[in-house]
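Engineer: This is what each chain is made of:
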Amino acid sequence: MPVIDYKCPNCGSGMVFDGRTGALTCQGCGRQDNIEGIPDPLEQVSAEDQRREYQCNSCGAAIMADAVTTATVCSFCGSAAVLGDRLTGELAPAKVLPFLISKEEAMVAFRKWCRNGLLTPDGFMTADRIKGITGVYVPFWLYELHNRVEVHGHATKVRTYTRGDYQYTETQHYAVYRKLRLNYVNLPIDASEKMNDELMDKLEPFPYERMKGFKSPYLAGYIADKYSYDEQALLPRAKEKIRSYIESSISSAVTGYTSVSFTDKQIDTTMKQADYCLIPVWMVKYDYNRSEYVFAMNGQTGKVVGKPPISKAKVAAWFAGVSGATFLSLKVISWMMGGGFL
Amino acid sequence: MRKQFALLAVLFLLAAYLTVPAGTAAAAETKKLIYDEAGLLSAEEYAELNEMANKYGAKRETDMIIITSNNPEDIDVVVMTQDFYDEMALGYDKPHGNAVILTLDMKNRDVYLAGFYKAEQYLDDGRLDQIRYKITPDLSNGDYKRAFEKYIKTAHKYMGIKPGVNPENPLFSLGFQLIAAVIVGGLVVGVMTFRTGGRVTVNRRTYEDASTSGIVDRQDQYLRTTTTKRKIERNTSSSSGGGRGGGGGITGGGHSHSGSRGKF
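Sequences listed follow chains E and B, in order.
Note that the first sequence covers residues 1 to 342 in this note's numbering.
Note that the second sequence covers residues 343 to 606 in this note's numbering.
Only chain E is shown next, with the shape it has when bound in the complex:
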């Protein structure tokens, strides 16, 4: 039986995960079950059951799910449905960061964020056109990458002094060598094809201390996808992401010189570990001026990212205001220096 649903043992209503209390909560009678305390129904799923069509256990309707969906909500009766066979074996997540921000709080936070935009059009700021808000567990790989870095370079110290009628410039040349060990842990790379990488990168950081061992009831009532790319496929992206960190670590390791140029850099990266984790994201779809805008909110910290529409009028007004103020202050400065106001 690949479809798992969560029925309240008291009243039989559907139960969903509530981020506030951290418990599986009954929508009917309010019963709350501690997820860490109850057995995970996922463990009872038999592996040989490989049907590709899923039926809702509550109403019997076919569950609309695309190839990567691991958790969804039945579109007919609204019951939470977790597709068990997509969460076991190779596809079993190691950890999950549960939602902390509820749907209502997410709406409030998003509206507040809309009002803060200095360049967003007035019509957008009222935030009354939210088309849909969906809680999604996005698959991420958390990498542990160990780097051995060796660099050779040429550095100089420059000193100038005056003796008599001459100015002397004394340059001391050094050969520098540094060997660094740089270990990065829990470096997140989003593994979902559907999600915009740039958007997901901006959602960081995630509070890892609230990370839990994976249990399927955390997904109840939310959408979840399985990973589209495995840890090997995303390793180049992870390396690219740490590249700038490594560069800045190298330059901060060589200090006290006037100039440093590196002749040779050797970076040897090994992947120690990659954990498959589910990260909570509220996806907000917003209609404005016949186009759709997508925003993402960190389900733990409430940080909102995404490109809002830009009001040309506001851009022009800010440009005119800033330029005008600069112009006037330059005029005043030149007037004070005796340049005359005209």
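Watch out, some of these pointers could steer you wrong.
What the hints assert, rightly or not - Subject to a maximum C-alpha distance of 20 Å in a straight line, what follows is the list of computed DMTMM-like cross-link-like pairs (lysine to aspartate or glutamate):
| hint | chain 1 | residue 1 | chain 2 | residue 2 |
| --- | --- | --- | --- | --- |
| 1 | E | K241 | B | D551 |
| 2 | E | K241 | E | D230 |
| 3 | B | K571 | E | E170 |
| 4 | E | K179 | B | E491 |
| 5 | E | K202 | B | E550 |
| 6 | B | K571 | E | D165 |
| 7 | E | K157 | B | E491 |
| 8 | E | K265 | B | D562 |
| 9 | B | K373 | B | E491 |
| 10 | E | K331 | B | E510 |
| 11 | E | K239 | B | E550 |
| 12 | E | K272 | B | D551 |
| 13 | E | K265 | B | D559 |
| 14 | E | K239 | B | D466 |
| 15 | E | K179 | B | E510 |
| 16 | E | K241 | B | E550 |
| 17 | E | K179 | B | E550 |
| 18 | E | K272 | B | E550 |
| 19 | E | K179 | B | D562 |
| 20 | B | K573 | E | D165 |
| 21 | B | K499 | B | E510 |
| 22 | B | K573 | E | E170 |
Keep in mind the hints are simulated off the structure, nothing from the lab.
Chain B: place on chain E using the hints.
Structural biologist: Chain B in isolation, oriented as in the chain E frame:
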């Protein structure tokens, strides 16, 4: 909405400020300010320049005078200027008053600029030199009208700037101020637009495991020292010497003036 109105108001003021020409008080009567004895200008050019000199001079309360001469008696250009001022009793505010004079000696191809009273104060030797450098190329090319226009405009501009300040400071130029304002505005708006989508708030320390990361080995090996020396230029000679002729003086009638003399 109110914010936008305020911005519009600022814009409007700015536009008004830029379009309305400063000081519309026109001179009541047109004085003869150009004495073109060498006949370098056509009748139209003469009328145009004379009017221009009247207009700009009135704003600075200074007569802007141009004298050209074929100099048959071969008088020195400085003496010629001084005598002319004394004889004609030039001056905007009174006879022997505020005046700036440009004299061209066509025989010796000498040019002399002199500032009297207010113009002596505002157009000191240094500033007259700056005006002379500006117009000399046009004079050499025989483009007298252009040179005279430049002279009138530059003298007008410099007299609007407090004495003792370099009048060619880029801060005083309208073009520089406008360009700087546009660049600052563009930068601010650009940064604002760039930041609308949210920023990356993690850095290299976020994911670094501080307990196991760090410098394992380091070597800093001294190789050699190179030294270069440069002679220090000392400005002992009195302020910019080259190409400067004459300077100011006192006329036979006892009027002190600033001056700048050169060839063209």
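Engineer: Report the numbers of all earlier hints that the structure fails to satisfy, in ascending order.
Structural biologist: Going through the list in order, the structure violates hints 4, 7, 14, 15 and respects the others.
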